[in-house]
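Colleague: Each chain, written out:
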Amino acid sequence: MFQKFLTVLVRRFPDVLLALQEHLLLVLVPIVCAIIVAVPLGILATRYKWVEKPVLAIGNILQTIPSLALLALMIPLGLGIGKKPAMVALFLYSLLPILRNTYTGIIGVPRPVKEAALGMGMTTFQRLYIVELPIAFSIIMAGIRTATVICIGTATLSALIGGGGLGEFIVTGLNMVRDELILLGAIPAALMALLADFLMGKLEDLVTPRGLKIARQIK
Amino acid sequence: MINHLIKPSSGSIFLNGENTTKMNKVQLRRSIGYVIQNIGLFPHLTIAENITIVPRLLKWPKSERRQRTDELLRMGNLDPAIYRDRYPAELSGGQQQRIGVLRALAAEPDLILMDEPFGALDPITRDQLQDELKELQTKVQKTIIFVTHDMDEALKLADRIVLMRSGKIVQVASPEEMLRNPANDFVREFIGPKRLLPKPETTPISTIMIPQPKTIKESLTLKQALNIMQSTTADVLAAVDSRGRAKGIVTAADLAKRNSSRGSVKPKTVPLVSSSSSVKEAAEYLANGERIILIVDDNNKPVGLVTRSLLIQKLVSVFWSPNSAETETSLDAS
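Taken in order, these protein sequences are the chains called A and B. Read in my numbering, the first sequence has 164 at position 101, and its numbers run on one by one without any break. Read in my numbering, the second sequence has 786 at position 298, and its numbers run on one by one without any break.
Everything labelled a hint here was simulated from the structure, so no lab data went into it. Just so you know, not all the hints are guaranteed correct.
Here are the simulated SDA-like cross-link-like pairs (lysine to any residue), alpha carbons at most 20 Å apart as the crow flies [what the hints assert, rightly or not]: (1) B/495 - A/187; (2) B/513 - A/186; (3) A/177 - B/490; (4) B/705 - B/604; (5) B/754 - B/722; (6) A/177 - B/536; (7) A/177 - B/754; (8) A/276 - B/547; (9) B/622 - B/607; (10) A/276 - B/536; (11) A/276 - B/607; (12) B/513 - A/276; (13) B/547 - A/189; (14) A/177 - B/516; (15) B/644 - B/668; (16) A/276 - B/798.
Sample of chain A residues facing chain B (criterion: CB under 7 Å; computed from the structure) [unchecked claim]: (17) 171; (18) 175; (19) 176; (20) 183; (21) 198; (22) 274; (23) 278.
Here chain A is said to cover these stretches of chain B; the calculated rule only asks that three of the stretch's residues, wherever they fall, bring their Cβ under 8 Å from a Cβ of chain A [unchecked claim]: (24) 538-549; (25) 576-585; (26) 664-670.
Think of the CB as a built atom: it goes at the ideal place given N, C-alpha and C, for glycine as much as any other residue.
I would like the entire structure built from these sequences, with the hints used as guidance.
Modeller: Structure below.
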């Protein structure tokens, strides 16, 4: 079995690389889009009550839809099959972790700190980039990290609607009952998730301001 | 409300004659120093960055900000070399609030708001910071509006106290004035009976007099008087007639002036003051040149005497004692 896996890996190595590349794109595009959308939405939710409720509700609903169902839903929604609908589904799926962490990160800035920022005469924008975002940054990063890891896993399912990526091997392997093909998709996907988790953990640490790290150590 | 963190429900607030409700809120807040109860330092910024946050918002050049940081830290008795690059979490609560106060001073505002700044600190640190603030105030000479629930704090720090109850001003006065003339029962209760200054108009003289002076019959001879004085170690005696009514006083100094020990005591007449009179009435006699007054009951019998030095001593203890509560108890005891 392991032997079979190695032979298929060597034989189809170029295909694996291509699938990896596809998979990476299948994750990167939705995640980047989700960051662009969810971070500002999360910030807005902390600023305006009327944004807060609907935004968090929609994010929650999207997250409760099973990932496979969400991918399949793209077809009746008129997006058809292929990479594009897969990316849209993954994008929607990644929104909530980022949105929620942005929201809670900023809401969680201690009250006295917020009051001081306001009382010192900071504008809304200054409060955001001088005080709230730096303090909430590591929490937002944690949200992005969670979203990315989930997305790498879920992206394997996108092969079912023709999205390509490492999921292709798994689907084919399942259809042809060939375990080595399943592994050929599953192992690189798992490694990719672990690596992403590790790297982004490092990045999270890197973007945490020193003063906050000291505060956490003391507590 | 002064810096518009809270909107006034009605009315306006004027600052140096300018209506603050019409001013730009951001500019207004930058022009007012602000110290909040829970310190509220920015945890991700260094002490230097925290202190100069308002100058940064006002776009002071970096070199100037750096200079100001060191200047302020020194003013707060904190070594700039040690504290400049530290983070708030590395400081104790008391040190953090010192930074909070310095931050409010940074951009040299004319007005500083302090909202229960020392409320969250332990009593010893609070006391220390109050002393430092008083000292700092003599250096910087700013108007500080200091909100507190602690009457001792108000009395210790304030030049003027505005006592408020459910949003309404009850009394505006200097600490001394408020202690002496509380506007109503609420103020009296808030200050607490222990802190209230005894009022000379209403405090009976009997509370401060030297009670039960040694008496001497006016018909006695000088020699007998001297003997009594020696045996009682009193140098002032109250002279009375055969019915015990006060006739004046006999002092050791007066007796010493007489070159003969013969003859009667010839008491010196002094004002006789009813024991129900106030300290103020009694004080008027002493202020008008009398050295000693006799306090008498309704039957004119001497019940006490007050000397000028005694009165001064009592006044000093009321006004210069570090803790007026102690003074009052000592007044009661005497």
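Colleague: If a hint holds in the structure, say so; if it does not, say that too.
Modeller: The hints, checked one at a time:
1. With a C-alpha separation of about 17 Å, the suggested pair residue 495 of chain B and residue 187 of chain A falls inside the 20 Å cut-off, and the hint holds.
2. With a CA separation close to 9 Å, the supplied pair residue 513 of chain B and residue 186 of chain A stays within the 20 Å bound.
3. Between residue 177 of chain A and residue 490 of chain B the alpha-carbon distance is near 18 Å, which keeps this suggested pair within the 20 Å criterion.
4. A C-alpha spacing of about 64 Å is found between residue 705 of chain B and residue 604 of chain B, which places the hinted pair above 20 Å, so the restraint is violated.
5. Of the pairs offered as hints, the one joining residue 754 of chain B and residue 722 of chain B holds, with about 18 Å between alpha carbons and a cut-off of 20 Å not exceeded.
6. A threshold of 20 Å between alpha carbons decides the hint, and for residue 177 of chain A with residue 536 of chain B the separation of about 19 Å falls inside it, so the pair holds.
7. With a CA separation close to 82 Å, the supplied pair residue 177 of chain A and residue 754 of chain B exceeds the 20 Å bound.
8. Straight-line distance between C-alpha atoms of residue 276 of chain A and residue 547 of chain B comes to about 28 Å, which puts the hinted pair past the 20 Å bound.
9. The hinted pair formed by residue 622 of chain B and residue 607 of chain B meets the criterion: a straight-line CA distance of about 16 Å does not exceed 20 Å.
10. The suggested pairing of residue 276 of chain A with residue 536 of chain B holds, with an alpha-carbon distance near 18 Å, which does not exceed 20 Å.
11. A hinted pair counts as satisfied when its Cα atoms are at most 20 Å apart, and residue 276 of chain A with residue 607 of chain B does not qualify at roughly 27 Å.
12. The straight-line distance between the Cα atoms of residue 513 of chain B and residue 276 of chain A is roughly 34 Å, outside the 20 Å bound, and the hint therefore fails.
13. For the proposed pair residue 547 of chain B and residue 189 of chain A, the alpha carbon gap of about 13 Å is at most 20 Å, so the pair holds.
14. For a cut-off of 20 Å, the pair hint linking residue 177 of chain A to residue 516 of chain B stands: about 17 Å separates their Cα positions.
15. With a C-alpha separation of about 15 Å, the suggested pair residue 644 of chain B and residue 668 of chain B falls inside the 20 Å cut-off, and the hint holds.
16. A hinted pair counts as satisfied when its Cα atoms are at most 20 Å apart, and residue 276 of chain A with residue 798 of chain B does not qualify at roughly 65 Å.
17. Given hint, residue 171 of chain A at the interface with chain B, is violated; its Cβ is 12 Å from that chain's nearest Cβ, farther than 7 Å.
18. Interface restraint check: residue 175 of chain A against chain B, minimum CB-CB distance 3 Å, threshold 7 Å, status holds.
19. The interface hint given for residue 176 of chain A holds, since its Cβ lies 5 Å from the closest Cβ of chain B, which is under the 7 Å cut-off.
20. Interface hint at residue 183 of chain A: satisfied, since its Cβ lies 5 Å from the closest Cβ of chain B, which is below the 7 Å cut-off.
21. Restraint check, residue 198 of chain A versus chain B: the minimum CB separation of about 6 Å is within 7 Å; hint holds.
22. The beta carbon of residue 274 of chain A comes within 4 Å of a beta carbon in chain B, closer than 7 Å, and the hint placing it at the interface holds.
23. Look at residue 278 of chain A: its Cβ gets to within about 4 Å of chain B, closer than 7 Å, so that hint holds up.
24. With 3 residues having a Cβ less than 8 Å from any Cβ of chain A, the region 538-549 of chain B passes the three-residue criterion, so the hint holds.
25. Only when three residues or more bring their CB closer than 8 Å to a CB of chain A does the claim for the region 576-585 of chain B stand; here the count is 3, and the claim holds.
26. Restraint check on the region 664-670 of chain B versus chain A: 0 residues with Cβ-Cβ distances below 8 Å, three needed, restraint violated.
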